[in-house]
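Enquirer: Residue strings, one per chain:
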Amino acid sequence: MTVIEVGREDRGGLTLRQRWSHYLVLIYGVAMLLISINLRDSILYATVPYEDVRAGIRAFYPKGWLLDNEGDYVFRVRDMTRPDFKTTIQVQIIPISVDSTARNLLDNLLLTRAQIFGQYRQYPRAAFQLSDESSATAVNYTFVAGQDDPFLESFPTVVAGQDIVVLQREQAVIVTFQVSAERYDQLYPVFQTFLEDLDF
Amino acid sequence: MINYIRSFKPFWKTLTFRRQGAFGVAVALLCLNGASGVIAQSDVLDLDRIKRATVFIMQARQNITAPIITCVGSGTLVSRDGLILTNAHNTVPNANCPGDLLIIALSVRPDEPPIPLYQAEIVQADEGLDLALIRIARTNDGRLVEPSTLALPFVSLAESDEPRLDTTLTIVGYPNIGDDAVADVRGTIIGFTAEPSGGNRSWIKTSAEIPGTMSGGGAYNQNGELIGVPTTAPVTPDSPESTCLTLQDTNGDGQANTSDNCIPIGGLINSLRPASFVRPLLRAASLGLGIEFLTASQQQQETTGSPTFSGLFFAPSVNEAGLPTTTIRSLPSGSTSLYLFFNYANMTSETVYELRATIDGILNPTFGLSPVRWSGGRDGGWYVGTSEQPLPNGLYDFTLFINGVASDSARLLVGPAEPAPSFSDIVFGVEDIQGNIAGNGFVLPVASTVSARFIYRNMVDGNAWAAIWVRGGAEIPGSRVEEAWTFGEQGTRTIRIQAPSGLLPGSYRLDLYIDNRLAATSNLTLAGAQDGRFARIFDDTHFTTADSVEEARTAAAINSFSAQTESIYALFDWQLLAPDTLWTVSWYIDDQLFFEQTLPWSASETGENFVMRITGRENIPDGTYRLELKLNNLLFGSQSARVGIGQLPIDRFSNTSGVQIIGTIFDTYTGSGISGAAIFIITEDYSAADFLRDWNQTQVFAEAITDRNGRFEINRLLQPEIQYSFVIVADGYLPITADGVQVTPDDETLDIPIYLTPG
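Chains A and B, in that order, are what the protein sequence lines are.
The opening residue of the first sequence carries number -14 in this note's numbering; numbering runs sequentially from there.
The opening residue of the second sequence carries number 5 in this note's numbering; numbering runs sequentially from there.
Here chain A stands alone, though its shape is the one from the complex:
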């Protein structure tokens, strides 16, 4: 006996198992994409923890940047692969008197840096809020940097920088970001991430 089914739709030949297989492939593809993006980001934006117990500073700085804590700062990191000015993030703590204000400090910074940097220009100062909602003062500036070695030839680079100044009791924390002016907008997120993770 032959049974003829009439009026039943052809479902394209996909079984339930096949259908779920399609779904899983799609999910797997999306997952792989997300993992890839994450891997890329973790390589590009990987950070390294840094802690200075004496100074009470804890931070995460970009992986592959050169760490230096032998100067008159708590620490400084530089991206040594940059072809022009080596992008720099620096944290410095300086003692201040109880009467000092952010303006006094920024004036001193201006006067000092104007003696050291060529064509140093400071732009209007603005209030800044850190990730822990504490208030700070931000100041942007530009200057011209060149080779220190007089026997080598290099064109000077215009550098853009930002100082974030926080007054705490009888000390001031100055977080500095300096980068080739051409790349300032491109690399500012790196500094923002650094500030978000900075704890002092």
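Because the hints were derived from the structure by calculation, they are not lab data.
As the structure is a prediction and not an experimental result, all values here were calculated from the model.
Hints may be right or wrong, so weigh each one.
Simulated coverage check for chain B against chain A, where a stretch passes if three residues somewhere in it have a Cβ under 8 Å from a Cβ of chain A [what the hints assert, rightly or not]:
hint, region
1, 693 to 701
2, 714 to 725
Simulated pairs of lysine to any residue, SDA-like, Cα-Cα distance not exceeding 25 Å [what the hints assert, rightly or not]:
hint, chain 1, residue 1, chain 2, residue 2
3, A, K48, B, V733
4, A, K48, B, L696
5, B, K55, A, E138
6, A, K48, B, F705
7, A, K48, B, T702
8, A, K48, B, D735
9, B, K55, A, K48
10, B, K55, B, N227
11, A, K48, B, V704
Calculated Cβ distances over 12 Å to all of chain B for the following chain A residues [said to hold, decoys possible]:
hint, residue
12, T0
13, L1
14, I78
15, T86
16, A112
Using N, Cα and C, we set each Cβ at its ideal position, and we do this for glycine too.
Fit chain B to the given chain A structure using the hints.
Expert: This is chain B only, laid out in the frame that chain A set:
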């Protein structure tokens, strides 16, 4: 090795891109690992490095429109952070060089004139010795220079103070003020000139004829170490012998001519100030140490008349106190030393003096002295001498010049001579009951009787002889002995001076005459209380720390100070020390002299708490400090104290021996230089992998960044027998790493090409 690498260039162009990349890495590592035979070490003369360390110095005064150059000279970098050794006469402001700005020009390219790049300031200077140490402080556009950011080529001073006759020298400096590049002149050491300021080796004489603008540069031995500073001081511009060049319109009349200020240039130089004079100044300048006299500060002696020389006489030798052993009018053939003694008055450290010597009427530079600054006091006795070299027979004429004008002269015969009556070797002391002379010879305690013993030879009974005692330039009444000789042909004789109420403290001189001719003379200082046979002049020498001088006088003595001490006071008591008596203060750190000054005593005759203060640039560096107080080179007071760990920290950048590495980084594909690439040399304690994991500055021995042409210079010298790692990174290129890189000494700087592969 460099030629070997160059020979690969044609072959290089035949390679495909991928093979070029791989080969570039291989060549780079080969260059670094196989560096033997291409590397420089400072036990050979690295003239290129020396020339790069030689600077041209322009002293200028600020004007409304542009600086006006007032004086010029050469100088030499002696530290990587910009300390420059040069002369004082063209850097420290004075009547001839009144500028207040020092401009430093470097030879950026060895065959081109120097380019002004920096401004400098004076950190240490001795105007008499005509030496100064200046430090680069600003760029030429006025920006401050942080010394730690500088990594300039520099030279080291010779360790030995004993350069030998006939040693080959290379003198490096700038031959004129025009378009010439830094130059070198070769010569040999032909003699030494003695002065009281530094004994028999006060000046090194060279056969090289050195242009006047090279004054302040450097003279190097075959090891590339600086052994002397070519020094001459231009005489005043109004002197007939001066050379003065007009370069600028200084009076603003629209013309540059003789009515404008000119730049004085010295004549040919053949005198070098030895490196031993530089060392204390350099030590103090490097450590930032300064000494202040806070009690009866150094008396500024005013000069009232014109400078003069007088009373010239000769001696064959000097004793340990710098006094003539005897006086002579001739020297026997074969003699190897001769000293010309004379009195001077109204001299200043800006006075230029010169000694010209002729033998049988022919000028002989070996026994003369080119025009140099005066390094003595205002008034007193001085000598210029020569030793360790045979004096040819002949009639010697010596003429002294002051500021280019002949002052006084004397004549001496060297050759076969008949023995003549003589007195020599005067020694002072206190006589005991057996008639023995005791004491230290030239500084005796204040007493009522002082004895002098001398040797006499070839005397004939009946010769007229005299002994005259002098104090403060005047004969002591009643002290003169004048009689006929009755004591035989040769022997020793003792004479005395006595005052029942006691001799006054101060400086005395004994002159001995034979037949009205000065036969011998010597000086004596009476100071301090009697302590056995010796004088006790200084007491209770101690150190302390305090907030003020007044507080220091009562503060307790301290022998061990903490690190970071800002200043230290040194105090002592003194007794029976007459005003104007010359005394010497010497300061040592870790047994190395860093300050010495001889000056006339200007406080009261007896007193307590003479105060000096030692200060550092920020703090006093760790070390063991010693203060010595002397009269006539004899020690009368000493005290030591420790600061911090009691030892100077090691300066890891002070080494000038090792291998210089320079090079260029190329793109393997385009062959063009890569700018902004970073080259790291990792210390022997870490590998390249360690560094790429940690990226920590503490692991870095040296680093460099390439310029726009891909050129780089490693800012520290690599030491042979040490294994370094290399890491080279650049944006957009695959990094290069190498471990176990070791260099070996050779005679050339290593210049390596390195190829990076894009990736």
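Enquirer: With 12 Å as the threshold, tell me whether A:A112 passes as away from chain B on beta-carbon distances.
Expert: Label holds. Min Cβ-Cβ 31 Å, cutoff 12 Å.
Enquirer: Just want to verify: A:L1 was marked as not at the interface with chain B; is every Cβ pair farther apart than 12 Å?
Expert: Non-interface label on A:L1 holds, nearest chain B Cβ at 48 Å vs cutoff 12 Å.
Enquirer: Counting residues of the region 693 to 701 of chain B whose CB is closer than 8 Å to a CB in chain A, do you get three or more?
Expert: That given contact holds, which follows from 4 residues of the region 693 to 701 of chain B lying within Cβ reach (below 8 Å) of chain A.
Enquirer: Within the assertion that chain A covers the region 714 to 725 of chain B, do at least three residues meet a Cβ-to-Cβ distance smaller than 8 Å?
Expert: Since three or more residues must qualify, the claim that chain A covers the region 714 to 725 of chain B holds, with 4 doing so at under 8 Å.
Enquirer: Could you grab the alpha-carbon distance between A:K48 and B:L696 and see if it respects the 25 Å cut-off?
Expert: holds (10 Å)
Enquirer: Holds or violated: is the Cβ of A:I78 farther than 12 Å from all Cβ atoms of chain B?
Expert: holds (18 Å)
Enquirer: Quickly compare the C-alpha distance for A:K48 and B:F705 to 25 Å and report which way the hint goes.
Expert: Between A:K48 and B:F705 the Cα gap is close to 21 Å, so the pair holds against 25 Å.
Enquirer: Is B:K55 within 25 Å of B:N227, Cα to Cα?
Expert: Answer holds: B:K55 to B:N227 is near 15 Å, not above 25 Å.
Enquirer: Holds or violated: are the alpha carbons of A:K48 and B:V704 at most 25 Å from each other?
Expert: Roughly 17 Å between the alpha carbons, so the hint for A:K48 and B:V704 holds.
Enquirer: Against the 25 Å threshold, does the CA-CA distance of A:K48 and B:T702 hold or violate the hint?
Expert: holds (17 Å)
Enquirer: Please settle this one: A:T86 was flagged as non-interface, so is its CB more than 12 Å from every CB on chain B?
Expert: holds (25 Å)
Enquirer: Say whether it holds or is violated: A:T0 keeps its Cβ farther than 12 Å from all Cβ of chain B.
Expert: holds (48 Å)
Checked against the numbered hints given earlier, the structure breaks only hint 9 and satisfies all the rest.
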